[in-house]
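A.B. asks: Take a look at the letters that make up each chain.
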Amino acid sequence: MKARAFDYRRVASVAEALDAYAGCPGEARYLAGGQSLLPALNLRLDAPDLLIDIGRIDALRGIAVEGGALRIGALTRHAETLASDLIATHAPMLTEAAAYMAHPAIRNLGTMGGSLALADPASELPACMRALGAYIEITGPAGIRSVAADAFFRDLFETAIAPGEILSAVRVPLGRPNTRMRFDEIARRRGDYAMVGLAAHLVLAGDAVETARLAFCSVGPTPVRAPAAEAALAGRPLEPESIAAAKAALAGDLDPDDDDTLSAAARKHLAGVLLGRVLSGLGDGRLTAEAA
Amino acid sequence: MRRRGGGVSAATDSPGRGRYIGRGLPRPGAKRLLAGRGRYTDDVVLPRMLHAAFLRSPYAHARLGAIETAEAAAMPGVHAVLTGADFARICAPWTGTLSHFKGLRSAPQRPLPTDRVVWAGQPVVMVVAESRAEAEDALEVIGIDFEELEPVVDLDAARAADAPRIDADAPDNVLFRTRIEAGSTAEAFAEARSVAVDLRFGRHTAVTMEPRALVADYDPAEERLTVHQSTQTPYQFQDIYARHFGLSEARVRVIAPDVGGSFGMKLHLYHEDMAVVGASLLLKRPVKFTADRMEAFASDIHARDHRVRARLAFAEDGRMRAIEVDDVTGVGPFSAYPRTSAVEGNQVVRLIGAPYRLSDYRADLTVVAQNKVQMSQYRAVGHPIACAVTERLVDLAARELGLDPFEIRRRNYVTDTMYPHRTPSGYTFERLSLATCLDRLHALMDYPALRAEQAALRETGIHRGIGIATYVEITNPTPAFYGVGGAHISAQDGCVLKLTPAGDVACAISITEQGQGSEAIVGQIVAEGVGLDRDRVRVLTGDTETTPSGGATWACRGAGIGGETALQAARKLRARILEIAAAILQAEASALDIRDGAVTDADGSPRMTLTEVANLAYYRSDLLPPDVSPALTVAHHFAPRGYPFAFTNGIHGSLVEVDPETGLVRILKHWVVEDCGRIINPLLVDEQIRGGVVQGLGAAFFEECRYGETGQLLNGSMTDYLVPMACEMPDIVIRHVETPTQDTELGAKGCGEAGTAASSAAALNAVNDALLPLGAAVSQLPMTPERILRALGVV
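Here the protein sequences line up with chains A and B, keeping their order. The first sequence begins at 701 in my numbering and counts up by one. The second sequence begins at 597 in my numbering and counts up by one.
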């Protein structure tokens, strides 16, 4: 399988990238790590006229704490996410998620921005962004705008990015000291798209859960929040009873489709199992898996 | 330890090791491949070479209407757009039947279809262009009128009286039926207790690292066709291309360069092969085709696809008495060529129950056509199905009787005093080591400790399962396998050895190399048989022009048949060397030996080097007496003539942990005790077993070609077709028992399929052992989380 012929242009700045896009009379695509785009081209599922390679734009790189947030540049490779001390300190959920993402060869090339812009609902990072309450920074001809992750993922492979705009960074609000987070997933093989994955983010007030943000991957067309399960946890200590309540409430939050390897019922069941295990693990050792 | 006189004595149950035979030496070619220096078919680039791409049917079953090719033909770089009609004139059709499968039917096949398509993915139009990309560009503008027909997908629906027929000229979709009957099973089941299974085995496929590829190069000046092809059977393809294109076989050369895996998948004829050869004949230029991964999933043979209902009658003392089997297998739209798609089912119904003493046996096989990819021989043909059916029945009987799985097997094996033993299905075993392997496995697993650990862990909510599975494996086939049915598939091998002027040995042999180490073991045998250093033997394979014709590599025959051929050829060369040396040294040849590359006295003192012997024969033959020939090239051909097959045996153990909440299974450990007769290279036998085990575990847990109701293959990529990967695979512990065959001096049998034959069965028994306390059982492979959760009643 060979891609249809296309033009290729490497750009040095975001401005140059935007100009190249605007100047393309046909279809243009931004190329970052290429781990999803290039297979799509080779399969001829996509056949743009122009690839604009943004992979060398320094402004899209870098991981830093600034303005009360952890800013992660769009070109951050998954391998860098996995290795970053700043990420491990401020958003360890992402470190955990990166370890589940495909295999080292893919992690060496695939990027944070590419994964989020593609918005594959089976991917780990989109769910993490929703659970973290992150903001997605989008740069376009009119400047930079910021979109909450909850508003960013609109439908299957559809995001708030308008044609020609570039996802330039994500901002993760710095957590309070009493924040607990975890990413985990259930997959048939290491590195596969998960049967179900969960990004869980809890803020505690004393013994009680103040707010819970639970975002699942692989259960719908977008990463899916679980408001009923979150509500079942809020205001209560994290203990077997509240976890059981959250698992029970979860059934109303998720509405996955059947597919040919996993029925909707099995997927919902697995989501409940995963929720129980992740919450038990977040109980700081006071809860065992069996208790959940 | 150095052994004398070639040092191969097979007539013992515990053979010693020779200088090279029995040594775990690394493959000489492995470093080259690891260094990226391999030369695979896709690396072959010829002057004026063109590239082929195929437009494939999106429908599983459709009538073919008008094909619009004019726009494609005018695209940049396009040299030809070819359809079925173009090939009908130059290529005789092929039919996948053999006379020893009485009643087997199949529709004649042509390179590209002229009236109907019968599976989704079938090549319909071929574009030949300057580059593959340009060929694919042209595919996009070809228009085909398809009239959809009702697809035949499900095994039962295919057999319904009103089912649409895939072959319009056939009365139904059943390609082959056979029944095997010995004794009276009805009587046995009336008198005894019994257990029953209804097992389903999914389709899977080979997923070779190197996909199918060929470069056909027809030279009209010499009227000579050269085909570079990723195959395990170059002689078979030489015969096929010559016969079907009406060429003289002497003018057809097939070269198999480095081959990146085959597993039986690369010995079947594919429509694209014939189209590429035909295109080269038509265009008089080299044409290359390399299947991409999606094409591999949609056109490489698939394997398995069985539903087997079976029952076992047994006495109160655990003695097994009778088995009844009904195997229905789906093989795709036609029977594969030239080996047929009846072999797998035939081996299933003949291997079930084989390791055990049975008085009565009856088996029915029904081979059914469907609008899916063709199904045919793949590593361990039929064995994993037969093994799983048998071993699950045995475990169920043990459970009924409260017997341990080891004990019931011990009580029922064919015993050492019974050989040669003929099974009710008609196979004859020269000698197996069933009880020895069983005992070795028991100790190797530390079985009592595993059971104790299992019981203790169950108290803590951890559900481990232990399963074992005995296999017998068909190896070293005689012409009884294919030749008697009329196939031009050789059961013999040929080997030519040359002592070069420099005193090295060049070996050309008809078995072939696909990464398993065929060349490595031949080199070891020749080095030992002649008496020189291993690194002075160079082995050449895979070229019909430069190697003797023979069977090549399939069905576990390389070591047993090719190895014996090499050994006897080495004996001949050794005799020639000694005759020449004796004439020069004025000694009796019988008083001389060859060791470490030198002719020696009987006591080992060197008299002259092989280099000196060769120099003399090549450059100073005037010094030889007139009655002593200077020839230092010998040839030998060998075909097994004793038992129709050399059966091997062994046993697998599997330890798994089932998570009843998720349906996921962790494969914790796998053990194999195997007996492939004389071992030539234990390192390579271990790796054959290990790779085979992994393929079997893939079938048990991961690999499945899934079809939708309209006959669409739902998973055609490595993203959604799950091959077993290192993270999920357990440590595999292997031990050997050696029972050499007496049919050859070497005593080697095959080992290539032993890993695959029983690993899925052992895993099936292990998972069911884990599920037993939960009141659940699985009866379908692969054992996916969904299927396990359903068995548990969780969903």
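None of these hints come from the bench; they were simulated from the model. You may find that some hints are simply not true.
[Stated by the list, open to error] Rough simulated footprint, nothing fancy, chain B against chain A, three-plus residues with beta-carbon under 8 Å: (1) 703 to 713; (2) 718 to 726; (3) 876 to 890; (4) 955 to 965.
[Unchecked claim] In silico DMTMM-like links for lysine to aspartate or glutamate, alpha-carbon gap of 20 Å or less: (5) A:Lys968 x B:Asp1255; (6) A:Lys968 x B:Glu1208; (7) A:Lys702 x B:Glu726; (8) A:Lys702 x B:Asp639; (9) A:Lys702 x B:Asp1035; (10) A:Lys702 x B:Asp638; (11) B:Lys1094 x B:Glu1208; (12) B:Lys1168 x B:Asp1255; (13) A:Lys947 x B:Glu726; (14) B:Lys1265 x B:Asp1100; (15) A:Lys702 x B:Glu736.
[What the hints assert, rightly or not] Computed Cβ-Cβ distance ranges for the label pairs, DEER-style: (16) A:Leu738 x B:Glu1305: 28 to 38 Å; (17) B:Glu744 x A:Asn742: 23 to 33 Å; (18) B:Val737 x A:Pro804: 32 to 42 Å; (19) B:Gly1057 x A:Ala948: 20 to 30 Å; (20) B:Ala756 x A:Pro921: 30 to 40 Å; (21) B:Glu1305 x A:Ala805: 32 to 42 Å.
All of these numbers come straight from a predicted model, not from anything done at the bench. Each residue gets a CB set at the ideal place from its N, CA and C atoms; glycine is no exception.
A.B. asks: Is the distance from the Cβ of Gly1057 (chain B) to the Cβ of Ala948 (chain A) consistent with 20 to 30 Å?
C.D. replies: Hint holds: Cβ distance 21 Å, inside 20 to 30 Å.
A.B. asks: Taken at face value, is the distance from the CA of Glu726 (chain B) to the CA of Lys702 (chain A) at most 20 Å?
C.D. replies: 13 Å, holds
A.B. asks: Count the residues of the segment 718 to 726 of chain A whose CB lies closer than 8 Å to any CB of chain B, then report whether that count reaches three.
C.D. replies: violated (count 0)
A.B. asks: Given the proposed pairing of Lys947 (chain A) with Glu726 (chain B), does the C-alpha separation stay at or below 20 Å?
C.D. replies: 60 Å, violated
A.B. asks: For Lys702 (chain A) and Glu736 (chain B), compute the direct alpha-carbon distance and say whether it is at most 20 Å.
C.D. replies: Holds - the C-alpha atoms of Glu736 (chain B) and Lys702 (chain A) are around 12 Å apart, at most 20 Å.
A.B. asks: Hint check: Lys1265 (chain B) vs Asp1100 (chain B), CA-CA at most 20 Å. Holds or violated?
C.D. replies: Outside the cut-off at roughly 45 Å; violated.
A.B. asks: Can you confirm whether the C-alpha distance between Lys968 (chain A) and Glu1208 (chain B) stays at or below 20 Å?
C.D. replies: 79 Å, violated
A.B. asks: Take a look at whether the Cβ-Cβ distance between Glu1305 (chain B) and Ala805 (chain A) falls inside 32 to 42 Å.
C.D. replies: 36 Å, holds
A.B. asks: Taking only the CA atoms, is the gap from Lys1168 (chain B) to Asp1255 (chain B) under or equal to 20 Å?
C.D. replies: Not OK: Lys1168 (chain B) and Asp1255 (chain B) at ~60 Å, beyond 20 Å, violated.
A.B. asks: Would the hint linking Lys1094 (chain B) and Glu1208 (chain B) be met if the CA-CA limit is 20 Å?
C.D. replies: Judged against 20 Å, a Cα distance of about 15 Å means the pair holds.
A.B. asks: Please check whether Leu738 (chain A) and Glu1305 (chain B) have a Cβ separation lying inside 28 to 38 Å.
C.D. replies: 33 Å, holds
A.B. asks: Does Lys702 (chain A) pair with Asp639 (chain B) here, judged by a C-alpha cut-off of 20 Å?
C.D. replies: It holds: about 17 Å lies between the C-alpha atoms, which stays within 20 Å.
The structure fails hints 2, 6, 9, 12, 13 and 14 (numbered hints given earlier, in ascending order).
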